[in-house]
Amino acid sequence: MRRRIVTLTMSEDRRQGEVLLELDDVFMFFGKVGALAGISLQVRRGEIHSIIGPNGAGKTVMMNCINGLYHPQKGNIYYKGQNINKLKPHQRAKLGIARTFQKVEVFGGMTVLDNIRLGRHIRLKSGILRGALYWGQTAREEIEHREFIEEQIIDLLEIEHIRDKPVGMLPYGLQKRVELGRALALEPELLILDEPLAGLNLEEVEDMARFILDINEEDRWKVTCILVEHDMGVVMDLSDRVFVLNFGNRILDGPPEEVQGHPEVIKAYLGEEDLYSTRR
Amino acid sequence: MEITRELTIPKLFLERAAKYGKSKVAMREKEFGIWKPITWEQYLENVKYTALGLIRLGMEPGDKVTMIGDNRPEGLWAEMATICARGIGVWLFQDCLMDEVKYIVDHSDTRFLFGEGQEEVDKAISIFDECPKLEKVIWDDPKGMRNYDQDYLISFKEVQEMGRALEKEQPGLFEEGIRKGHGDDVALLFYTSGTTSLPKGALLSHWNLLSMGKALMSIDPCYENDDFVSYLPFAWIGEQMMSISCGLQVGFTINFPEEPETAQANIREIGPHVMFAPPRMYEQMTRTVQVKYLDSSWIKRKCYEASTWVGHRVANLKFDKKTTPWHWKLIDWLLYWLVRKKLKDHLGLCKVRYAYSGGAAMGPDHFRFFHALGVNLKQIYGQTEIAGISVVHRDGDIKFDTVGEPLPGTEVKTTEEGEIISKSPSVFLGYYKNEEATTETLRNGWLYSGDRGFIDEDGHLVVFDRSKDVMTLRNGKPFSPQYLETRLKFSPYVRDSWVIGDKRDYVTAVLCIDYDVVGKWADEKKLTYTSYMELSQKPQVYDLVESQIVQANKDLPEAARVKKFVNLYKEFDPDDDELTRTRKLRRSFVESRYADIVNALYSDRDSVHIDTTITYEDGRAAHIKTDLWIRELKD
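Heads up: the protein sequence lines correspond to chains A and B, in order. For the first sequence, our numbering assigns the number 4 to the initial residue and increments by one for each residue that follows. For the second sequence, our numbering assigns the number 2 to the initial residue and increments by one for each residue that follows.
The set of hints was computed from the structure by calculation and includes no laboratory data. Treat the hints with care, as some may be off.
What the hints assert, rightly or not - Here are the simulated PhoX-like pairs of lysine-lysine, each with C-alpha atoms no more than 20 Å apart in a straight line:
#1 Lys215(B) <-> Lys225(A)
#2 Lys35(A) <-> Lys77(A)
#3 Lys144(B) <-> Lys103(B)
#4 Lys293(B) <-> Lys330(B)
#5 Lys293(B) <-> Lys342(B)
#6 Lys293(B) <-> Lys564(B)
#7 Lys521(B) <-> Lys168(A)
#8 Lys144(B) <-> Lys168(A)
#9 Lys635(B) <-> Lys539(B)
#10 Lys478(B) <-> Lys342(B)
#11 Lys168(A) <-> Lys293(B)
#12 Lys106(A) <-> Lys83(A)
As the list claims (entries may be wrong) - Partial selection, computed: residues in chain A whose CB lies under 8 Å from chain B:
#13 Asp256
#14 Glu260
#15 Glu261
What the hints assert, rightly or not - Which bits of chain A does chain B cover? Going by a derived footprint, with three or more residues having C-beta under 8 Å, they are:
#16 141 to 154
#17 157 to 167
#18 206 to 220
These numbers were taken from a predicted model, which means no experiment stands behind them. Built from N, CA and C at the ideal position, the CB exists for glycine as well.
With the sequences and hints as input, model every part of the structure.
What follows is the structure in structure tokens.
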């Protein structure tokens with residue numbers, strides 16, 4: 004895959020935008036172990052909000068709470084002002100919350116195209132019977148979805164050459180891209196990216212960073228992103244705000260320049276220099 | 002339409018577009034997974050408005066316009082528009098490094114640069130200040146272009162809009178410009194890849210290009226319903242020859258693949274009738290088949306073996322111009338339908354009437370492979386300076402150690418020193434801003450190629466090699482290292498090879514293993530490795546490579562056999578200047594770069610120490626410290 008230079012931007016006005024997602028004093032326990040201790044977070048529309056923290060800080064638990072895999076014991080989660088505490092993951096997906104996973108969770112035996120189509124399923128209006136007939140409205144809908152997948156996702160992620168390949172046969176970097184494609188098929192408004200760069204080589208990291216920026220900035224997408232990531236170089240370059248988590252507690256939530264030099268952040272990362280180091 | 006000296010490419014283009022209009026597809030592009038047709042009428046419109054847009058931007062006749070990007074309709078429109086506006090087209094290889102881009106843009110006095118998208122625009126931005134004559138950079142793929150605000154950037158659509166406005170103001174301007182053109186005007190300025198020095202810009206006229214296409218098609222006619230897949234760089238003269246010189250004359254359909262990575266699959270979907278590619282593409286196809294063969298079940302392997310055995314036998318009879326006995330014909334026909342037809346289809350060669358290989362030497366094993374498969378593969382010989390090709394194999398008269406006979410209207414002979422010289426209407430006008438090289442290459446209308454060869458008893462031209470590349474063996478006989486290299490490359494495990502032995506006691510080779518194929522082989526053998534370097538130095542891999550060399554050494558005179566070899570710690574790469582952009586080995590460069598290895602090969606040592614720094618494509622540098630094993634072959 005050829006490389007392009009990533010252009011980095013960060014806008015001030017986004018920091019004052021409408022709140023899309025809000026976590027209000029969220030607690031999550033596993034038995035007596037507290038994974039999240041009163042976390043509050045506001046994600047504004049259009050921003051890339053990164054969550055960082057050492058291993059075991061509770062980042063993935065937080066993501067699972069947002070997309071509904073876990074239900075916090077205490078506290079509230081609001082999406083566009085609506086309390087979504089009780090909603091199941093698929094109901095939240097319907098509202099426009101999509102995610103990728105730290106360890107890729109794709110359907111290995113299915114082709115790239117089928118994996119992405121699966122993500123689109125939730126937006127299909129026709130039922131089985133009408134689908135079987137493939138006529139009128141159903142045919143039109145099918146064509147529209149096909150165009151969307153081809154023109155907006157496959158072209159964006161540059162995966163034309165693997166369209167018909169089973170995902171399980173692909174290298175890890177491409178599987179991550181397919182997973183992102185499947186999340187995008189949902190046409191989300193909020194996209195949770197759980198360590199999208201983990202295990203990728205430098206070239207793949209640059210590609211992925213460019214895709215995240217495209218998804219966030221292109222007029223067609225304008226997706227708000229929550230980025231969980233260890234690669235500090237990328238986090239500091241891409242994010243509008245960075246939320247620092249340690250042992251289930253919030254340490255700081257602010258713009259990257261503020262986070263970078265904060266003594267507590269550095270302390271939280273002490274002894275984990277490898278994680279703090281950047282690939283660049 | 003008669004090809005005359007007055008005729009230009011734009012005049013022919015107008016005539017074709019008027020003849021076919023909406024009724025025929027001029028080109029197809031696979032986009033978003035679907036083949037989208039573009040009729041001649043749309044082709045004309047796009048070229049017309051782009052040309053007028055360029056004129057609106059201030060383009061004058063004789064101005065140079067450079068194009069860079071993948072093969073796509075916009076690329077061809079830009080080139081055709083340039084020529085129609087009486088400018089001169091220059092193409093850059095898509096993977097050109099910044100220095101090469103800068104050199105060519107600057108040397109050619111380019112005023113307008115057509116880049117495809119963000120990647121090309123980035124390249125243009127970084128050289129813009131150093132190329133004072135460059136005025137505008139035009140892009141057509143909007144992806145990633147949202148944050149660029151340089152005032153010299155302009156989109157392809159905007160240029161066409163300007164063209165539309167100009168057409169309203171001055172109708173007929175486009176056609177009038179075309180009428181003024183003459184066949185002797187320069188159409189293209191083509192930079193040769195150059196195995197030895199800086200690229201030289203060859204000036205080619207309309208007459209050069211069209212007469213070459215006409216001569217080729219008088220031997221191997223193409224038809225208007227033929228399909229051609231354009232996937233090799235436009236900066237390579239072979240692609241120009243097919244898409245412009247031949248394509249425009251017969252009006253066949255040009256198909257553009259979706260992405261470079263999908264080219265092979267797209268070729269299969271189209272099933273082109275004619276193909277022209279450098280040997281490496283055919284070598285890649287052979288490798289694909291060989292690897293799939295190694296991977297397949299016992300029964301499939303046996304079917305394949307039987308079919309190729311028979312195929313080879315029948316092909317050899319044809320090469321020897323002997324009649325094939327009827328029972329062999331029958332068996333051959335049967336196996337063709339059972340096995341080879343499928344194989345041909347997988348390679349996208351099921352409809353191919355002529356497949357040409359040119360640009361470098363092709364090994365006899367590869368040649369036999371394709372003929373055994375039933376593909377009419379022909380060798381051609383030519384160069385940029387003769388607008389493509391001058392010598393080609395005729396149907397039914399294929400000798401794989403020759404490149405065939407001269408095209409009609411072309412005279413080819415060799416000088417006393419054995420240099421191949423040719424004369425034809427397609428011989429170029431000279432090098433741009435390089436009088437010295439022009440007088441050296443063009444003498445009394447003869448083109449001095451710098452290649453050595455001879456004409457055999459059947460009138461076929463045998464190209465030995467570049468004069469400076471011919472080596473002398475210890476028995477005093479001249480020998481072509483390329484011949485040996487292509488033999489070694491027939492092995493699927495060997496990706497690149499470099500044979501040394503000029504005026505030496507014995508012949509040695511430096512080999513680059515094919516990482517994918519050898520890697521897969523190692524996986525099956527449960528050999529662990531972490532990098533190319535480690536894999537290449539495994540004793541088992543040396544055994545494997547040795548067995549491949551033993552195969553290649555068979556049937557060679559004793560003095561020409563490879564006696565020692567070393568597996569290199571990396572593959573040869575054009576970015577490291579080891580290969581040209583068309584993947585020809587730059588012998589003198591590798592000789593100086595790997596002098597230590599060469600010295601070690603001709604000493605008693607069994608290993609050579611390497612201590613060097615290599616720079617990756619992404620700019621990172623790595624320090625390499627390793628020992629490469631030297632293996633001597635047993636007699």
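Going through the hints against the structure:
no., hint, result
1, Lys215(B) <-> Lys225(A), "violated (54 Å)"
2, Lys35(A) <-> Lys77(A), "holds (14 Å)"
3, Lys144(B) <-> Lys103(B), "violated (24 Å)"
4, Lys293(B) <-> Lys330(B), "violated (27 Å)"
5, Lys293(B) <-> Lys342(B), "holds (16 Å)"
6, Lys293(B) <-> Lys564(B), "violated (30 Å)"
7, Lys521(B) <-> Lys168(A), "holds (19 Å)"
8, Lys144(B) <-> Lys168(A), "violated (25 Å)"
9, Lys635(B) <-> Lys539(B), "holds (19 Å)"
10, Lys478(B) <-> Lys342(B), "violated (42 Å)"
11, Lys168(A) <-> Lys293(B), "holds (17 Å)"
12, Lys106(A) <-> Lys83(A), "violated (29 Å)"
13, Asp256, "violated (27 Å)"
14, Glu260, "violated (20 Å)"
15, Glu261, "violated (24 Å)"
16, 141 to 154, "holds (count 3)"
17, 157 to 167, "holds (count 7)"
18, 206 to 220, "holds (count 5)"
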